[in-house]
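Novice: My request is simple: use the sequences and hints to build the entire structure.
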Amino acid sequence: MSILIQKPGMLTTVQDLGRNGYRRFGINPNGVMDVAAACLINILLGNDDNEAVLEMHFPAPEIVFAADVVAAIGGGDFSPILDDHAVTNWRPFLAKKDSVLKFGRNAVGNRAYLAVSGGFKCDEWLGSSSTNLAAHLGGFYGRKLEKSDRIEANKTTKKKTFASGGQVSQSLIPFYSHFPTVRVIAGGEFENLTANGRELLLNQDFTISSNSNRMGFRLAGKPLNLSRPVELISSAVSFGTIQMLPDGQLIVLMADHQTSGGYPRIAHVITRDLPLLAQLGANDKVAFHLVEIAEAENLALEFEHDLNFLRAGCKFQANR
Amino acid sequence: MSDDSIRFFPLGDVALTVEFATHISEAINSKAISLAEYFERNPFPGFVEAVPAYSSTTLFYDLVAVRKNFPQFPTAFAAVKSLAAAAINGISKIESSGSRTVEIPLDCSDGAALDLEFIAENSGLSPGKVIDIFTSVTYRVYMLGFLPGFSYMADVDDRIATPRRDSPRLLVPKGSVGIAGKQTGIYSLESPGGWQIIGRTDIEMFTPFGAELTFLRPGDRVRFVTVK
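Protein sequence lines correspond, in order, to chains C and P.
Residue 281 in this note's numbering is what sits at position 281 of the first sequence, and the numbering runs on without skipping anything.
Residue 96 in this note's numbering is what sits at position 96 of the second sequence, and the numbering runs on without skipping anything.
Treat the hints with caution; some may be incorrect.
Using 25 Å as the maximum straight-line C-alpha spacing, the simulated DSS-like pairs for lysine-lysine come out as follows [stated by the list, open to error]: (1) C:Lys-96 <-> C:Lys-155; (2) C:Lys-97 <-> C:Lys-7; (3) C:Lys-102 <-> C:Lys-158; (4) P:Lys-68 <-> C:Lys-315; (5) C:Lys-144 <-> P:Lys-174; (6) C:Lys-147 <-> C:Lys-97.
In short, the hints are calculated from the structure, not lab data.
The structure presented is a predicted model; accordingly, all values stated were derived computationally and were not measured.
Specialist: Listed below in structure tokens is the structure:
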């Protein structure tokens, strides 16, 4: 079983939940931007959360299935169409041999994900299938997908009919919008902001600049200021770290961020809300709401708890 | 070792940074490296990885696993902070894997030393003198970051310390050795970058499928030797 990229789309890469464990060598994790979406569709298919998926940007690719396979799409709603039938996000579907998957328009979100039951066969590097575009490693030959690429899948379905039982409950689907409020915790240099700087961080709407990508989102807004200059020495940074540039503007580090940075870390987007941010595109807006670390952790635990229910339900379906 | 000036802060909800100091020193950097090595050898349940930097160590963890394994703490952050503080107290007993001294061949010909003329002009010295000063120092690798295998080294002699380029190059050739203020570093891959390029080496700094992923490790000492 394989899938054929008939049209490549703007930026389609193979990703999993990231290549952890090698940051100290300067090797960053990469991985999907929207972790919740990748986990949810993998769970729906009975896959491991970490199974490789295709991350698609809009304009999205056209994909031909070379054999029958059960698949699922989630993340941004790109209005998927399989041959002539609309496909619903967050619900497994049977893609028949030679069927063609296309996407109509990006109604909500900027990254959609495609998973297949059993997963894709990819280039693993250091235990991960995520694509490292800078080092040209992992995923599909370390690069974005091009026309005529053929990605092997591990499994072909033998089912001739398929009743889509599994479905993600509404409460588990991230509440994507073009103007989310995302929760943040204070960063190491939050205290160095002036009172006005904190006010500006938490009480203005930021616009995602067009020069935003998988490495980072640049935010346009009124510049923040520090009570005194902070000369920082390079240290580790993370997915979701909000750095303040010398001109007072902000950048949020995303999945392909470098391992270290030297700008003030004024805040960090919490794990639970990163998917909402990760789905934004140029000219979308975002606002920040400050929470304590305990709340951030509890929200992550709550989501994990809900995922466990879904896992149990999907396993039950699969074993029936 | 115990020190009130050590700061612990969350780097998001999945990591904790131990900041030993806000300046650069070999002794502080050794502590950061030792602490990271300690946790790589003695991982706690939920530990993901430790990342040493100039004067800090960041511990990444799986917050769900830490919460499950350390229910006596109100947060995963508090649990990891407690583990880190205990490890730091015992840091004198932590053995570092020791430092090596490595020689790196450096080609300073025109095609490789892209900014040698600028560095010379900026420091009021001849290009030859700049190279003499640069190669007379043994540098310490403080950390790896930016690119896979990119090494941050210091101290570049004040006489030739040169600020970054006003506009970064879109592509710095792989193997280029750059100067940024008192730091020097080796571009392990072709990459955009703003450091002033003083030469190039043909040693592979990053071997993705090698037994050692990177040629240099934090704590190493490096001497550059010019080649024709």
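Novice: Hint by hint, say whether it matches the structure.
Specialist: Taking the hints in turn, this is what the structure says about them:
Simply put, C:Lys-96 and C:Lys-155 have alpha-carbon atoms about 13 Å apart, close enough for the 25 Å limit, and the pair holds. For the proposed pair C:Lys-97 and C:Lys-7, the alpha carbon gap of about 18 Å is at most 25 Å, so the pair holds. Our distance criterion of 25 Å between C-alpha atoms is met by C:Lys-102 and C:Lys-158, whose separation comes to about 24 Å. Proximity of P:Lys-68 to C:Lys-315 is assessed by CA-CA distance (about 23 Å); at most 25 Å being required, the pair is judged to hold.
At roughly 22 Å between alpha-carbon atoms, C:Lys-144 and P:Lys-174 fall within 25 Å of each other, so this suggested pair holds. Distance hint between C:Lys-147 and C:Lys-97 is fulfilled; the C-alpha atoms sit about 19 Å from each other, no more than 25 Å.
Checked against the numbered hints above, the structure violates none of them.
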